[in-house]
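Asks: For this one, chain A is given, so just place chain B on it according to the hints.
Residue numbers (the working numbering), protein chains in the order written: chain A, 805 to 1097; chain B, 376 to 514.
Some hints could be false.
Just so you have them, the derived chain B footprint on chain A, three or more residues with Cβ under 8 Å [stated by the list, open to error]:
(1) 909-922
(2) 946-959
(3) 979-992
Source of the hints: derived by calculation from the structure; they are not laboratory data. Note that beta-carbon positions come from the ideal geometry of N, C-alpha and C, so glycine has one too.
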Amino acid sequence: MRAKLWGTRGSIPSPGPETIRYGGNTSCVGVTLSDGSLLALDAGTGIRNLGNALPDEPTRLHILLTHLHLDHIQGLVFFAPAFRPQTEIVIWGPASPEASLRDRIARYISAPLSPVEVRELPCDVSFRHCPETEWEIGPARIRSASVTHRGPTLGYRIDDGDSSLAYIPDHEPALGADLEALDEGWISGFELARDASLLIHDGQYSDAEYPEHLGWGHSALSHTLAFAKRTRAERTVLFHHDPLHSDERLDRLGEEGRERWAAIGGHEGAIELGVEGGEYELPVRAPSAAAPA
Amino acid sequence: MSSVTQQRPLELILARNLLTALSTPAFLVDEGGVLVFYNEAAGALLGKRYEELGTVGPEEWGSIFGPFDDEGDPLPYDELPLVIAVRNGHPAHADFEIRSTDGTRHTVEVSAFPILTAHGSQGAIAVFWPSGSQNGAAC
Chain A
805 MRAKLWGTRG
815 SIPSPGPETI
825 RYGGNTSCVG
835 VTLSDGSLLA
845 LDAGTGIRNL
855 GNALPDEPTR
865 LHILLTHLHL
875 DHIQGLVFFA
885 PAFRPQTEIV
895 IWGPASPEAS
905 LRDRIARYIS
915 APLSPVEVRE
925 LPCDVSFRHC
935 PETEWEIGPA
945 RIRSASVTHR
955 GPTLGYRIDD
965 GDSSLAYIPD
975 HEPALGADLE
985 ALDEGWISGF
995 ELARDASLLI
1005 HDGQYSDAEY
1015 PEHLGWGHSA
1025 LSHTLAFAKR
1035 TRAERTVLFH
1045 HDPLHSDERL
1055 DRLGEEGRER
1065 WAAIGGHEGA
1075 IELGVEGGEY
1085 ELPVRAPSAA
1095 APA
Chain B
376 MSSVTQQRPL
386 ELILARNLLT
396 ALSTPAFLVD
406 EGGVLVFYNE
416 AAGALLGKRY
426 EELGTVGPEE
436 WGSIFGPFDD
446 EGDPLPYDEL
456 PLVIAVRNGH
466 PAHADFEIRS
476 TDGTRHTVEV
486 SAFPILTAHG
496 SQGAIAVFWP
506 SGSQNGAAC
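So that you can see chain A by itself, here it is in the shape it has in the complex (with noise of 0.2 Å):
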C-alpha cells in the first residue's frame, strides 16, 4: 500500500509563497492498493492533482470523504476523471438523517456554486453510506467510525496485507475528556488508529492557539501527540494545517512536537508534518516501536 499527500492544508486553500513548502491545497490523500486498485482519501483541492496525475484510460476508484465541509470536497468538481465517460467513480461518506449523501454533495455541485450539476458528469458516478460494519475494496478491508469534529464526520482505517493506514483529519479528540487518562474505549477514534503502521490526524492548532478554538472540531499539538501515544500508531503525520500556519510556523511546530515526543519517550521520527507531495510506502516499519509504551 502506498500514500501520498496531495493537500495537507485545512479549512481553505492558501497558496502563496509562504507557504509553499508544506502546501496550499486542502484535504486529500491518495492511496494505492496492493493489487492497484486507488482510492482517494477526501477530496479538497489537492484531488485535482491527483486526478491530472491519473492516466487517461478507464479508471475505477473510490473517494471516501470524511465528512461534506467544503474543504473536503471543494476539488470535486475540478478532478479530471469525472468529466470522462470511463471512468468510474464510487463517493463514500457518512450518513445523515437530514439528505442523502447524493444530495448533499448536490448542494455543492449545482448552481450557482457550480457551473454543472452531479446528473451531468459524464463518468459513471455513484454514492454510497459508509456501512457500520467493516467492507472490502480490492484488497484492503475499510473501516469507518464517526469522530469528534462539527457535524457527521468519519475517520477511516484501511487493512492492506500487514500494513494499516487510519487517516482522521479533522478530530478534537480532547474535547471534553483527559486523553491521558481516559479507558481507550472512551477515546474518540481509538480503534480506527490503534497500532496503525501510518496514522494522519489532524493537528491544526499549536496549544497556544488551542484555547480560542475551543470546539472547533480540531487538535491541538498536545493532543495529537497524547493520541498517537495511547494508540500506539507507529508513524504520525500531523495534518490540515491551519490556513493561517506559514512555512516557518510550521517548521517551528514540528520541532516543538518533535521535542515533545522525544520527552515522553517517543521514537525519532515517528512524528513529522504533512508536506504535499509526501509519499509512503505501507508498511512503515522505522523506527521499530516508534510509539511511546
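Replies: For chain B alone, coordinates are given in the frame of chain A:
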C-alpha cells in the same frame, strides 16, 4: 500488543464528556442498559465515585442503590426512567428514593432520555434532581 477494548460509540463518548462537565448528578447507560458512567455530582450523591464502582449491570445497581418507592420497596426494573428510555426510545420521568453507601436515603426526581442515532439507540442519559435527604437505613 495491548488488550482489546470496546470502542464506545461517538454519541456515548460525547455524552460522557458533557456529563463530566455538569454539576447536576447524571448517569449514562449503554444500549443494553448497562451503567457505563456517572459524573462526580452523582458520585457525591451516592457516596461512591464511578471510578470506584466501575461498570455495573442493572441488577447489581439496584441492589446497591435502589431505587425504592415511597414505601421503601424496590421499584420494578421495567418502570425505571432509564430503562424506559433505552428500551422504548422515548423520555421518561419519575420520583423515587435512592440509597447512598452510608445508608442515607435521597428523594430524587429523575428525567431520562434516549440517545438515538442513525444506527438506532446507543443508550440513555438520566439526570437526577435531588429534592430531599433522610438519614437512616433504607428498607
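Asks: Are at least 3 residues of the stretch 946-959 of chain A within less than 8 Å of chain B when you compare beta carbons?
Replies: That given contact holds, which follows from 4 residues of the stretch 946-959 of chain A lying within Cβ reach (below 8 Å) of chain B.
Asks: In terms of beta carbon proximity below 8 Å, does the stretch 909-922 of chain A have 3 or more residues touching chain B?
Replies: violated (count 0)
Asks: Taking 8 Å as the C-beta cutoff, is the stated coverage of the stretch 979-992 of chain A by chain B satisfied by three or more residues?
Replies: Holds: 9 residues of the stretch 979-992 of chain A have a Cβ under 8 Å from chain B.
Hint check: a violation occurs at hint 1 only; the rest are consistent with the structure.
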